[in-house]
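Assemble the whole structure, with the sequences as input and the hints as a guide.
Next come the chains, spelled out residue by residue.
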Amino acid sequence: MAAPTAADERAEVQKLRAALPQGIVKVKDFRDETYVCLGKDDIVEAATLLRDDPDLAYTYFVECLGVDYSAWEHERDLPGRFEVVYNLFSIKNGSRIFLKVSADDGEAIPTLVGVFPGAEYPEREIRDLFGIPFEGNDPYPGQRFLLPDDWIGYPLRKEYPLGGDDVLFDLGQRGPAVEDVSMPHAGESFEGKTGSEDVSGR
Amino acid sequence: MNQQTFMPSTETVFEKTGENTMVVNMGPQHPSTHGVLRVICELEGEVIVKCQCVIGYLHTGMEKEAEYQQYNKCVVMTDRMDYLNANGNNLAHALAVEKLLGIEIPRRGSYLRVILAELSRIASHSVWLGTHGLDLGAMTPFFYIMQQREYILDLFEMFAGVRMMPSWIVPGGLRGDIPSGFDAKLRKFLDEFPGELEIVENLLVENPIWKERTYDVGVMSVEQALGLGCSGPILRGSGLAFDMRKATSYCCYDEFDFGIPVGKKGDVFDRFLVRIAEMKESCKIIRQALDGLPEGPWNSSDRKVVPPPRTELDNSMESLIHHFKQWTEGYHPPVGEAYAAVEGSKGELGFYIVSDGSNRPYRWHERPSSLMNLKALEVLAIGRLIADVIAIIGSIDIVLGEIDR
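As you go down the protein sequences, you meet chains A and B in turn.
Counted the way the working numbering counts, the first sequence spans residues 1 to 202.
Counted the way the working numbering counts, the second sequence spans residues 1001 to 1405.
No wet-lab data here; the hints were simulated from the structure.
All values reported here derive from a predicted model rather than from experimental measurement.
Glycine is no exception: its CB is placed at the ideal position from the N, C-alpha and C atoms.
Be a bit skeptical, because a hint or two may be false.
No more than 27 angstroms apart at the CA atoms, straight line, and that leaves these computed lysine-lysine pairs for BS3-like [said to hold, decoys possible]: (1) A/Lys158 x B/Lys1064; (2) B/Lys1264 x A/Lys92; (3) B/Lys1050 x A/Lys92; (4) B/Lys1246 x A/Lys92; (5) B/Lys1284 x B/Lys1185; (6) A/Lys15 x A/Lys26; (7) B/Lys1264 x B/Lys1280; (8) B/Lys1073 x B/Lys1188; (9) B/Lys1185 x B/Lys1280; (10) B/Lys1325 x B/Lys1073; (11) B/Lys1073 x A/Lys158; (12) A/Lys92 x A/Lys28; (13) A/Lys158 x A/Lys15; (14) B/Lys1064 x B/Lys1016; (15) B/Lys1280 x B/Lys1246.
To give a feel for the contact side, a few chain B residues facing chain A, derived at Cβ under 10 angstroms [as the list claims (entries may be wrong)]: (16) Leu1100; (17) Gly1102; (18) Leu1240; (19) Gly1357.
Here is the structure:
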């Protein structure tokens, strides 16, 4: 098969390339879906372009989600530790496109709330579970989204333990105990989790 | 770290916008929030000026848990997300894993999936219809429609042995074929259900109190709904005929003849009508699928993904190895990511799965249709009476298990 040329690319990608010549890091096709990897400062412009272009009309904001790539051992699309994947759908063309941006620990990503109001909830969820702040999307400062307000840590980060053994709930110091953090979690072993000491002693 | 922060208190966290307003806390134990949703409303008189949804009371960290489980063990968690539409969740997850693996399943498998998913949709809409009525003071429909849902759960019990969480649709096909007697029982249900639904519909559709509570309440335009990420009956109630079953035609949906009901105004009453009509369309789809059910296998023939039948184990060493590998190690999808979506009972229901080539997902994410739809409540409640919040929550049809996951 011949290598794909720029002319074979989907119209969305071509228009994004024309509007953001420096912004597009990579375009990936995998399993019939197109992933456009962008610099994180271009995401608002790219989303606005996709929404407002009359031929593309990506008016339906499906969702966005975060991925922590700190334990990833394969080739990456983007350099930063975290990736946020935006999922947009065009009702007019019946097509879907994914936009990817990346951020390192502590870096903020511009919010899409101004383009799609529906981005508020998923972005707050990502902030809650991954600790990626979204600039301009913090309507209730100091509050967590899915977790209790005094929860410590970001559960979907790879270094965060699964738990299941001992989670201390004392005096508002919520979150996993210190000994859990250093413990490997195979996720499969039930050794020591079932039965009680009485049983083994009998 | 303040020890008192987890005590429910509306004053400490909620910033009022006006001077002469009152803050009313609703939930998380309110009967009409369908679970554990907390809504904080700021009222001026009886009119809402600000509304905040507080969620997370049912957060169980399933997405984290899934990263430690093999793909076929993740299936049981999907049921427990949107527990009213368990088959739909199973289907979305199965399609996403199959897309990642690059396998397709035989047509009989797809047809059986369609039957199960549509039954689940009817069951889910039945619960919605009953509880929506209860919220607004109509008690009788609940009794009629829950009886019908009971018959659907009996059907689920017939093939899976489980009533609410069948986990029957797995990557690679289904766990088994439908049992004997299922066809006849399902046909009996399909014959009786539309008439029973009509009884319930007639109890509400011309009821003056019902109309009073739902007409012109919570009106949402198509543009608003799309920007908010709303999908499913809410979007269709606003007048856009968008349905994932037609738009992407997964699972042979293009072989069935069915319509997409749409509303005109986008108020609570329109969403009510859309869901009622959808149940009738689902009945049509199930009947067509039953009539045209192809013969043949219902599972993929890829032995790396689907365990071999029990009879093969006695004769074939290779099958025994496959069986053993399947239940101890699972399968290894190629490195990459995949997203597959279905039309669930609440809207677009998708799974985004990232694989690093191991037998466990690197990232496993559900597109929560209820969470995206819930945002509409904060928008639609503004300027309405506090009693309308109940009607709007009911018409959005949320399941907190899916919102919090």
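Hint check results:
no.: 1; hint: A/Lys158 x B/Lys1064; result: 9 angstroms, holds
no.: 2; hint: B/Lys1264 x A/Lys92; result: 19 angstroms, holds
no.: 3; hint: B/Lys1050 x A/Lys92; result: 34 angstroms, violated
no.: 4; hint: B/Lys1246 x A/Lys92; result: 13 angstroms, holds
no.: 5; hint: B/Lys1284 x B/Lys1185; result: 16 angstroms, holds
no.: 6; hint: A/Lys15 x A/Lys26; result: 14 angstroms, holds
no.: 7; hint: B/Lys1264 x B/Lys1280; result: 19 angstroms, holds
no.: 8; hint: B/Lys1073 x B/Lys1188; result: 34 angstroms, violated
no.: 9; hint: B/Lys1185 x B/Lys1280; result: 18 angstroms, holds
no.: 10; hint: B/Lys1325 x B/Lys1073; result: 14 angstroms, holds
no.: 11; hint: B/Lys1073 x A/Lys158; result: 20 angstroms, holds
no.: 12; hint: A/Lys92 x A/Lys28; result: 23 angstroms, holds
no.: 13; hint: A/Lys158 x A/Lys15; result: 36 angstroms, violated
no.: 14; hint: B/Lys1064 x B/Lys1016; result: 35 angstroms, violated
no.: 15; hint: B/Lys1280 x B/Lys1246; result: 17 angstroms, holds
no.: 16; hint: Leu1100; result: 7 angstroms, holds
no.: 17; hint: Gly1102; result: 7 angstroms, holds
no.: 18; hint: Leu1240; result: 7 angstroms, holds
no.: 19; hint: Gly1357; result: 7 angstroms, holds
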